[in-house]
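**Student:** Each chain is listed here by its residues.
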Amino acid sequence: MTMIDYLPNIVFAIGLGVAIYFFSGNVKKIMRNIRLGKTVDRNDQKAERWKNMARIALGQSKMVRRPIAGFLHVIVYVGFVLINIELLEIVVDGLLGTHRVFAPFLGDFYNILIGSFEVFAALVLVAVILFWTRRNVVRIQRFSKAEMKGWPKLDADLILYFEIVLMSLFLTMNGADLAIQQNFPNAEHYQQAGAFPVSQWLLPWFTGMELTTLIAIERTAWWLHIFGIFGFLNYLYYSKHLHILLAFPNTYFANLSPKGRFENNASVTNEVKLMLDPNADPFAAGGETEEVESFGAAEVTDLTQIQLLNAYTCTECGRCTSECPANQTGKKLSPRKIMMDTRDRLTEVGNNMDKNNGSFADDGKKLLGDYITAEELWACTSCNACVQACPVDIDPLSIIMQMRQYLVMEESKAPSDLNNMMSNIENNGAPWPFNQQDRVNWAQEL
Amino acid sequence: MKVATLAECLAEGRSPEILFWVGCAGSFDERAKKITKAFVKLLHNAGVDFAVLGAEESCTGDPAKRSGNEFLFQMQAMTNIEVMNAYEVKKIVTTCPHCFNTLKNEYPELGGNYQVVHHTQLLRDLLNEGKLTIADGSFKGKRITFHDPCYLGRANGVYEAPRELIRKLDAELVEMKSCKSRGLCCGAGGAQMFKEPEPGNKDINIERTEQALETQPDLIAAGCPFCNTMLSDGVKNKEKEDVLPVMDIAEMIATAKDL
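As given, the protein sequences belong to chains A and B, one line each in that order. For the first sequence, our numbering gives the first residue as 1, with consecutive numbering after it. For the second sequence, our numbering gives the first residue as 1001, with consecutive numbering after it.
Accuracy of the hints is not assured; some may be wrong.
Claimed, not checked - Computed cross-link-like contacts, DSBU-like style, restricted to lysine-lysine with a CA-CA straight-line distance of at most 35 angstroms: (1) K149(A) <-> K1180(B); (2) K1236(B) <-> K51(A); (3) K38(A) <-> K1180(B); (4) K240(A) <-> K1180(B); (5) K153(A) <-> K1238(B); (6) K273(A) <-> K1091(B); (7) K273(A) <-> K1131(B); (8) K1238(B) <-> K332(A); (9) K1090(B) <-> K413(A); (10) K332(A) <-> K1177(B); (11) K1140(B) <-> K1180(B); (12) K332(A) <-> K1091(B); (13) K1195(B) <-> K332(A); (14) K273(A) <-> K1033(B); (15) K46(A) <-> K1180(B); (16) K332(A) <-> K1090(B); (17) K1033(B) <-> K62(A); (18) K273(A) <-> K1195(B); (19) K1195(B) <-> K413(A).
What the hints assert, rightly or not - Covered stretches of chain B (in silico footprint by chain A; criterion: 3 or more residues with CB under 8 angstroms from a CB of chain A, positions within the stretch not fixed): (20) 1009 to 1019; (21) 1040 to 1052; (22) 1074 to 1080; (23) 1104 to 1116; (24) 1124 to 1130; (25) 1168 to 1176; (26) 1227 to 1237.
Since the hints were derived computationally from the structure, they do not count as laboratory data. Virtual Cβ for every residue (Gly too), placed ideally from N, Cα, C.
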């Protein structure tokens, strides 16, 4: 054999190498960006965390709370996972120059595998077309909110087109293979292997075709399919689609405490303790050398790594926003937008660092103000509907609360009504201007 | 009927089993005070050994924390914890889900460790233990819809205690289209109670009231003084206040018992 015979193997290996190279570069970027956040200890309750991941990410338990979208999503999800097994064979074939390399080892089981991949490919195709219809024909409200205009809309559609094309290529390649197996049983390089419950219906397209034509169709579909997957893998970083990977760590590191328990800010605790302790020495050692920390969050770097992971995990399904009482009544707040803004700003900060040798050059922008406005934050009722609705346990509420902290404690920018309420608490121990001594007056009315 | 304060109990050398945390709404708000009184009547009726803090009670800090004033929240929390720890408080019951949540979830880290229950949980337990009986009568067969308070339901997973009580009243419990973990907020949470809503096309309490009206109820049951206010306002907005009462579950049980 000459060099030229190995050309396909070489092209394949280069394609695979390039795909993995860029993908791992993207993964590194994501990790680096997430690490810009504050560390938070979520390594407790390991058993409970694995269970949470198994139930919610692997088992899709929150996904199916909306039965139609949930059912369709389970199909695409199971299809995706199963077809990845076929991907393994395609990669081995590509590298070794073999064709259906697993078939001789697996015998009849191989037929079952290929047969079920075909069924799933067809089901995925149907599900994805229905998804597209929901977005573009039925126009379900949560897919057409303000934050979904432009790129997010195109991104969502592109992902669906990608999947339609990939599934179609997979079935075309199988159909052409079947035609070769039936019409040219002695064709070099091809073998009698696989069951084709779906692509057999494509056979009429291939009747009367020469072997060379069939091979050309089969090979073209095969190459486009695998290079399409390489492309899709590297599209992930630029899209909202990272949830297929990040849903797993995101549910593992999710908040397991009751949803009503909001983090107590530890730096505040120290100050309050000093204030309440008459014996405390405010000039005690360490007090002045400590780094001055700001309260709450105004920038992605003020958020925790979990919150930044949340942002990358969000796939913009909008269930949070559709359950949000503020959004339902026409307020500007959309929990999904909080997550999208956080992700977009984080990406911007990351790109800025890449351009400036790893350090951030001030661009005069901040997450709070330039992306998320005070009006959005003050519309929140802290009801946790968004957190409950998220199929992958994202917590937009914690970001909202931290930003309110910044507005109030760093900038004294609370709405005036709230300032009144807070000064009442300070002066009277109640949010209204009543005298604390009158607290038990109701008992005289018994 | 006399309600003792923990200070009085201490002077008498008694340490009551339960602290009834009344909350600011329950102490000062005219509507919420009725809930407080109804609940106290039930506690007396069931022979519960309880006391209140009276003038020593102060806001838990919940609205300050949800407004972003962590400093004021922790000042309130630590002051309250100091008072309660001095009285060696072990168990707290409260009629306000916001107080309930804050005391239960946010105080432990600051040194306040208590067993905290919502009044619907305590009432259910009293019923199960046979200490409290529910008289049938006034609510029998009535269509009642229950509005889940966010800080009781989603925040702490308590959905069943209030519903069990409504069923015990022989009433017909009808659920709104958003209920339990998908219950729609009344619009008061996150300190919204104390400010004007942000610009929008509707007030949240109106939206929620409309959901309640869809069930064609004879009564809207609530388990939170703030939800109660928001829904009462919603019902007034729909000009139905004469035919559609909004009542706390404690008030319903007290009414049924003619207390």
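**Student:** Quickly compare the C-alpha distance for K1195(B) and K332(A) to 35 angstroms and report which way the hint goes.
**Tutor:** Status holds; Cα separation ~16 angstroms.
**Student:** Under the criterion that the straight-line Cα-Cα distance not exceed 35 angstroms, is the pair K1195(B), K413(A) satisfied?
**Tutor:** holds, 14 angstroms
**Student:** Verify the proposed pairing of K1140(B) with K1180(B), using a straight-line Cα cut of 35 angstroms.
**Tutor:** holds, 23 angstroms
**Student:** Starting from K153(A), check that the Cα of K1238(B) is at most 35 angstroms away, please.
**Tutor:** Violated, because 39 angstroms separates the two Cα atoms, which is more than 35 angstroms.
**Student:** Between K273(A) and K1033(B), does the CA-CA distance stay at or below 35 angstroms?
**Tutor:** holds, 34 angstroms
**Student:** Hinted pair, alpha-carbon criterion (35 angstroms max): K273(A), K1195(B). Please report holds or violated.
**Tutor:** holds, 30 angstroms
**Student:** Three residues or more, CB to CB closer than 8 angstroms: is that satisfied between the region 1040 to 1052 of chain B and chain A?
**Tutor:** Satisfied; 3 residues make the cut.
**Student:** Hint check: K273(A) vs K1131(B), CA-CA at most 35 angstroms. Holds or violated?
**Tutor:** violated, 42 angstroms
**Student:** Against chain A, does the region 1104 to 1116 of chain B show at least 3 residues with beta-carbon separation below 8 angstroms?
**Tutor:** Per the Cβ count (5), the hint holds.
**Student:** For the pair supplied as a hint, K1238(B) and K332(A), confirm whether the alpha-carbon distance does not exceed 35 angstroms.
**Tutor:** holds, 25 angstroms
**Student:** Verify this for me: three or more residues of the region 1227 to 1237 of chain B with a beta carbon less than 8 angstroms from a beta carbon of chain A.
**Tutor:** Violated: only 0 residues of the region 1227 to 1237 of chain B have a Cβ under 8 angstroms from chain A.
**Student:** Do at least three Cβ atoms from the region 1009 to 1019 of chain B come closer than 8 angstroms to Cβ atoms of chain A?
**Tutor:** Check failed, 0 qualifying residues.
Checked against the numbered hints above, the structure breaks hints 2, 5, 7, 9, 12, 16, 17, 20, 24, 25, 26 and satisfies the rest.
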